[in-house]
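Chemist: Turn these sequences into a full structure, and let the hints steer you where they fit.
For the sequence shown, counting from 1, position 112 maps to 112 in UniProt numbering; every step adds exactly one.
What the hints contain is simulated information worked out from the structure, not anything from laboratory work. Don't take every hint at face value.
Restraint ranges, calculated between C-beta atoms of paired labels, are given here [stated by the list, open to error]:
| # | residue 1 | residue 2 | range |
| --- | --- | --- | --- |
| 1 | F176 | K66 | 42 to 48 Å |
| 2 | E143 | G165 | 32 to 38 Å |
| 3 | G165 | F99 | 33 to 39 Å |
| 4 | W107 | P77 | 28 to 34 Å |
| 5 | N64 | S192 | 32 to 38 Å |
| 6 | W107 | E136 | 45 to 51 Å |
| 7 | L182 | K66 | 23 to 29 Å |
| 8 | R103 | E136 | 49 to 55 Å |
| 9 | R174 | G206 | 31 to 37 Å |
| 10 | A179 | V202 | 24 to 30 Å |
| 11 | N64 | R103 | 45 to 51 Å |
The beta carbon of each residue, even a glycine, is placed where N, CA and C say it ideally should be.
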Amino acid sequence: MKRILLLIFLCSSIQFASGQHTHEENEEHQHDTTATESQQEDTHSDKNKADEAITPEFPDDDDNVKADLDSFPNLHPLIVHFPIVLLLLGGLLQLIQIFVLKRNLDWVILLCVGAGFIGAYIAGVYAHPHTHDLSEAAKKVLEQHDIYAEWTIYASALGAVLKLGSLFLLRKNRLFEIALFLVLGFAAYSVSEAGHYGAQLVYLEGVGPQGDYLESEDDSHSH
Numbered sequence: 001m002k003r004i005l006l007l008i009f010l011c012s013s014i015q016f017a018s019g020q021h022t023h024e025e026n027e028e029h030q031h032d033t034t035a036t037e038s039q040q041e042d043t044h045s046d047k048n049k050a051d052e053a054i055t056p057e058f059p060d061d062d063d064n065v066k067a068d069l070d071s072f073p074n075l076h077p078l079i080v081h082f083p084i085v086l087l088l089l090g091g092l093l094q095l096i097q098i099f100v101l102k103r104n105l106d107w108v109i110l111l112c113v114g115a116g117f118i119g120a121y122i123a124g125v126y127a128h129p130h131t132h133d134l135s136e137a138a139k140k141v142l143e144q145h146d147i148y149a150e151w152t153i154y155a156s157a158l159g160a161v162l163k164l165g166s167l168f169l170l171r172k173n174r175l176f177e178i179a180l181f182l183v184l185g186f187a188a189y190s191v192s193e194a195g196h197y198g199a200q201l202v203y204l205e206g207v208g209p210q211g212d213y214l215e216s217e218d219d220s221h222s223h
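Modeler: The structure is reproduced here in C-alpha cells:
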C-alpha cells in the first residue's frame, strides 16, 4: 500500500513539473512572438517613412503641374522645335519630289517650308533669348547658334519662294526641283546645326534651365 501511494506521489510530481515547464515555454514563446511582431512593425514603419521621404509628392490637379506661359523667362524653347521638324520634313519630301514630281506633294512641301520659315523667324527674332554674364565658351557657342539660325531663316524663306515658282511657273521641272532640294537641304542642315548648338548651350553650358543667364521677356523688350 505504501509503495502504491509512493508511486502515485511520484507520478503526480513528475506531471506537475512537466506542466509547469510547458507553461514557462509557452510564456517564453509568446514573449518572443510579441517581440518579433513588434520589431517587424517598427521595421515596416521605418520603411514607410523612408519611402515617403524618397518619393516626391505630386499634386493631384494637373493645372498645378503645367506651368503658364508667363512662368517661362523666354518663349524660344516652346517655339523652336516646330521649325526644326518642319524644315527637316520639307527637305526630305523635296528629295522624294525629285523622283515622283507630284503636284500635290508640292503643296505639302510649301506648307512645311512656309510654316518652318515663320516658326524660325519668330524663334530667331521675336522670341530670341537675351543673355547676360556668359562665359567665354558659352559666348562662342551662342555666336555659332545665332549664325546658323540666321542662315535657316534666309534659306527657308528662299525655299518657300522657289516652291511657289515650282507650283505656278516651272511645273514638273526636274532640274528646278533638284536646285530647290539644294536650298531646302541647306535649310535643313542649318536648322540642325542651330539645334545642336542650342542643345549645347542648355545641357553643357547651363544657359536657360530655370532662367539662368537669361533676361526676362519684359527686360528683353525694354532694350
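Chemist: The structure should be examined with respect to each hint, and the outcome stated for every one.
Modeler: Against the structure, the hints:
| no. | hint | in the structure |
| --- | --- | --- |
| 1 | F176 to K66: 42 to 48 Å | 46 Å, holds |
| 2 | E143 to G165: 32 to 38 Å | 34 Å, holds |
| 3 | G165 to F99: 33 to 39 Å | 20 Å, violated |
| 4 | W107 to P77: 28 to 34 Å | 30 Å, holds |
| 5 | N64 to S192: 32 to 38 Å | 36 Å, holds |
| 6 | W107 to E136: 45 to 51 Å | 47 Å, holds |
| 7 | L182 to K66: 23 to 29 Å | 42 Å, violated |
| 8 | R103 to E136: 49 to 55 Å | 52 Å, holds |
| 9 | R174 to G206: 31 to 37 Å | 48 Å, violated |
| 10 | A179 to V202: 24 to 30 Å | 35 Å, violated |
| 11 | N64 to R103: 45 to 51 Å | 50 Å, holds |
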